[in-house]
Amino acid sequence: MTLSLSVPDILVARAKTGNLEALEALYRAFETPVYNLARRICRTPEDAEDVLQETFLEVVKSIGQYRGEGHLWGWVRQIAASKALMRLRAEKLRATDELIDEAAGAPPPSVAAGIDLERALEQLSAMSRAVVWLHDVEGFTHEEIAERMGRTVSFSKSQLARAHARLRRLLSPAVAGS
Amino acid sequence: MHCTIEDLVALRDGEGSVWARRHVEECAECQAERERLYQRVAQLKALPALRPSRDRWHAIRDTVVAERSRKRQRWMRSGLAVAAAVAGLMIVRPMLQKPVLADDLAKAKLQSAQLETVLRDYDSDSRVMSGREADLTAQLEDQIASLDGRLAQFGDSGFGDAQLVDLWRQRVDLMQQLMQVHVTRAKYVGL
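Those protein sequence lines, which keep their order, are chains A and B. Per the working numbering: the first sequence ends with 179, consecutive numbering throughout. Per the working numbering: the second sequence ends with 951, consecutive numbering throughout.
Read the hints as simulated data drawn from the structure, not as lab findings.
In the DSS-like style, the derived pairs of lysine-lysine whose C-alpha atoms are separated by at most 25 Å in a straight line are: (1) A:LYS62 <-> A:LYS17; (2) B:LYS805 <-> A:LYS158; (3) B:LYS831 <-> A:LYS62; (4) A:LYS17 <-> B:LYS831.
Could you build the full structure based on these sequences and the hints that come with them?
Listed below in structure tokens is the structure:
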């Protein structure tokens, strides 16, 4: 995923005054990366779109607090991740996660035939998928993930290891079977 | 014994144990597994970006505009409440103050009338005064005449006005000074 996420300072300054055109320009700049992040964490595209909307409403509300320290995308990404994880927690998916992980021992027949990484990601539990995406792709630390999930750093680390273990099995059925 | 996936992930993040680090350096199998881990992460990062099927900006803009409108209405309601309170004060305060002013005015007028009676009875015109006393008396009487002119401009329309009360008080003060001139003179000359 290669996107240009640089935003002119003048645009940020105008957005801070509440200018709707500037805010829309920010939305257009970050719409895809925010949705992409949300979609990797949420179960459905509709949920991810809701997170996209909630994230930008928060951006509009709080843009005045952005001090220009660090890249604006980093600030928006923190909001997006928090919103997505909040939704995940609200849906109480942890119980479902347990069931999914228990069934993760042997890949289904279609998996044995080989699936791509995209589909393998979908096979992960919501928590594992969120952790692997936030840590390995978005660059969040285990501390940041744990804080946003309301869990411990150990939990985040174990979820990451489980995610990789499962991805490995899903992507290399021959290795998993040996 | 080989490294677990936890060991390899920890090594990648710079947190692996000494044993795991040494083992990977010597074990081709674990090196291959570590390479697969790196490849997997690289592939994750290279996944094409997923894009929303619907444009949510209009919904966001509508929400923002509605919220701003609600805030404006709240401000307007607050502003109207403040304006009403100020207007109420402007109406009620004079009503509360008027009786006080009217009393003060009546009191000043009464004092002025009493002093005027005393001065008339004293009949200063027929008495002998020094040049200085005569000059001082003339000055005070001029000031009283000037005040009377201003009071005549107010007429009845200014009733209850604080400025009117102030003018009458000034008149009383001047008449008291005039009275004092005569009293002092009488004391010294024994008249």
